[in-house]
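Novice: These protein sequence lines map, in sequence, to chains C and R. First residue of the first sequence? That's 1 in the numbering used here, and the numbers climb one at a time after it. First residue of the second sequence? That's 707 in the numbering used here, and the numbers climb one at a time after it.
Hint data in this document are derived by calculation from the structure and do not stem from the laboratory. We put the beta carbon where it would ideally sit given N, CA and C, even for glycine. Fair warning: there could be bad hints in the mix.
Said to hold, decoys possible - Each pair of labels, with its calculated beta carbon distance range: (1) C:LEU579 / R:PRO747: 48 to 54 Å; (2) R:ASP871 / C:GLN92: 22 to 28 Å; (3) R:VAL894 / C:GLY89: 30 to 36 Å.
Unchecked claim - Now the stretches of chain R that chain C is said to cover, found in silico as 3 or more residues with beta-carbon under 8 Å: (4) 761-771; (5) 795-809; (6) 857-869.
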Amino acid sequence: MSVVHAPFRTLALALLAALGTLASAAPVRTPNVEAEIVAERTALVPGQTATVALRLAIRERWHTYWQNPGDSGLPTTLAWNLPAGFTAGPIQWPAPKALPAGPLVNYGYDGEVFHLIDLAVPAGLTAGASVTLAARADWLVCEDTCIPEGADLALTLPVATSAERDPKWGARIAATRDALPKPLAGWTATATGDGDKLRLALMPAAGAADPGALRFFPLREGMIEPSRAQTLTRDGERYVLTLPVAFQLQPFDRVAGVITAGNGIGGAKAATLDVPLAGSVVAGPKPLDAPAPKLNVGAGATSTLSLAAAIALAFGGGLLLNLMPCVFPVLSLKLMSFVSHHDAKATMRREAFAFAAGVVLSFVLLALALVALRAAGEQLGWGFQLQSPAVVAGLAVLFFVLALNLSGVFEFGMFAPQAAAGWTAKNRTLDAFGSGVLAVIVASPCTAPFMGAALGYAIAQPLPSTLAVFVALGLGMALPYVLLAWFPGWRRALPKPGAWMERVKQFLAFPLYATVAWLAWVLGAQVDNDAVLRLAIVLVAVAFAAWAWRTYRVEGSQSWAIAAVAGVVAAAVLIAPLLDSPVASAQARPAKVDASWRAFTPSVVAELTAAGRPVFVDFTAAWCVTCQVNKRLVLNDAEVLAAFERRNVALVRADWTRRDPDITRALADLGRNGVPVYVLYRPGRDPVMLPEVLQAAMIHDALARL
Amino acid sequence: MRLACRLAPLAAALAFAASAHAAAPGAIAPDFTVNDAAGKPVKLSDYRGKHVVLEWTNPECPFVRKHYDSANMQGLQKQYGTKDVVWLSVNSTNRNHSEFKTGAQMAAWMQEQGGVPKAVLIDDTSATGKAYSARTTPQMFVIDPAGKIVYAGAIDDKRSANPADVKTAKNFVRAALDEALAGKPVSVASTSPYGCSVKY
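Only chain C is shown next, with the shape it has when bound in the complex (with noise of 0.2 Å):
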């Protein structure tokens, strides 16, 4: 409680009266908050309108409460004693934040709150005179634990005929009136209830722009779930926020609240609407009771992003991919392939338009297997096809086999029959289908770090969205393929044909190589070590046949053919085990982690956030080449670790190498559905998400804001 000596104030005030010219007041300070009044202007102008703040200045990790305090806790209350003449407003709450509490979620405020109260001055004071606004306050303030806090307050202000800005509050007053909500202009709402769920629906004013991640916050308890997502899609124009009715209902007629959006809506960080419900609702189920603990992730994180701008963001992914090391050297090869040929236009659009096709086609497989799988149950994320260690090892012998072919082992003609490979040069159209097929399977490992939020959004959404964003991801990535065939001008940009073709093809053989050693890594991170070796002698296998079939070509001895068939069958066969190992899962074999990274489970955030501590989770996997470089150049720093250690953060990885249905629940609920994901968890504040590519000074910034 706070220690208010009243005599004393009343002293000071009365001194500080008698000079009256300043605003006087000090803070009064509680052992969590400092509190005082304070005024925009440094006069009070008789039969004018004077705006006065209760400013809370609330200790870092502690919060106080909206009017609406949400699952737990009490909002703030200002109980005045003015002189005769003088009346006050209503506090103006400034929109609220959504704070996690354990599972349960609050509506407050952390930092520095201005509860403004706009006050009538009455027309008869007299110039020069000075005036006491006396205030008791009350506040909950809360972190893990509550305390009741409270403060006698007050102001003193000179009456004057006109009045400056206060030097040092008028700003923040005026700002936090901009910031206010306020009515919804030019946008029409309408609520509808449907069962448990509350249907808020937001018509944009004509050229409205996107308003980014939204949530509605309502002015009484009993009407929504605070711990339980609100969701958010498109209908058409219409921007529908589903709302989970509460478990405990009180019933309503109306919707009334404050609705805050990432971009601002209707001109405003946060807007306030107050429309009739249409049809009813029902209670909704428990909150608290769900088959696994939730991650509690404020509204900023949660994905809601619209169509729009995922397909936007998935195209630009395409294009990226190009250049990814993984995809590079398959599209060199096919960048070479114009360099060469002078072909007839119409022969070479063909040409890029089956690539194309081949690039589109396999992305919309790969997101209806994923559709698929996910609506039979399977727990899935991006990068699914690579916790299989089956994939992994086809991958690695497909890129060997690559590789040996630039290294110029052997030449994929020699593998066809005279006919067939004569059929394979005319039909090239086919060749550059598979060439897109190609690039695509190629391309998994480096989509999930460019596509994270996009491919998110994409899973979540009905069917034609999820096409619509693969789609675009295909053609982003085919469109430079296309633009080249298309302009044949623009390849003379392109080096000329020469012998330094030859040298660049025999390079390009070492980051398939590279990427074959990486892949050997990561199913030795799936199965175990007699995997690699396994992986190993088949490839040893493989390039015996390779060689021992060049041989045959080029000496046409049938017995060099028998010892390439050999070969072949020995790969076959010693691959078969490997082919037929179950997919990965966690279960299977707990995940290796490092003494200072403790292994997610889905209640380990919540009970270190809640001991207090704040914990950073790297969300991560063997087969994600840029988890591995962050974690290689960033997490495993020196100093980046000394930081995590002098902010006592939990440290916790959740490795994703093996099928984990909580870690993908868990991506899922930060709006994600491929690796990496950085978060830093703070207790009792939003969780703050870090960009995929990491660098140390992101965590240090992080860690600073602490």
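With chain C's structure known, arrange chain R on it following the hints.
Specialist: Chain R only, in chain C's frame:
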């Protein structure tokens, strides 16, 4: 084995759907077995045939202290204890939370307060709190002899942490118990609870 893995989430979802509306007024109160402060198991359904009050509590919470410092809660426990109402005080503070109290600590605290509940339950896994979706301390449930919830919500209508407010508040639990004991339907069966968050 694989089939079992696939069916498990489905079974969980069905169980979840079945229990979805289980702790609202009008529903049958979810049964539980929780150890009391002395470590003896207490089963809710053993008290079928009697009125039961569930009081979610946490000595560290200023809102709980409001109702004990003003002797409000102890008064209710005494008054209705003599009318054969079974009063169970439940602390769902998770055992990993800094505010967790052992059975011995809870018993000592309750004795110091002069409280006379039938039992103080140590729900140290928070499972019972979650089964009732208890959000705050205090939060109150009144259960009739048939095991049906007839009141769920706040203890009274003065949503503050100030003990002085108890005198002027309308006590929802007293009103519900008086009506229920007289065989009348409870007129205010559901209110929004207020207080500290339950420390899950």
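Novice: All the hints need checking, so say for each whether the structure fits it.
Specialist: Going through the hints against the structure:
| no. | hint | verdict |
| --- | --- | --- |
| 1 | C:LEU579 / R:PRO747: 48 to 54 Å | 53 Å, holds |
| 2 | R:ASP871 / C:GLN92: 22 to 28 Å | 26 Å, holds |
| 3 | R:VAL894 / C:GLY89: 30 to 36 Å | 32 Å, holds |
| 4 | 761-771 | holds (count 4) |
| 5 | 795-809 | holds (count 5) |
| 6 | 857-869 | holds (count 6) |
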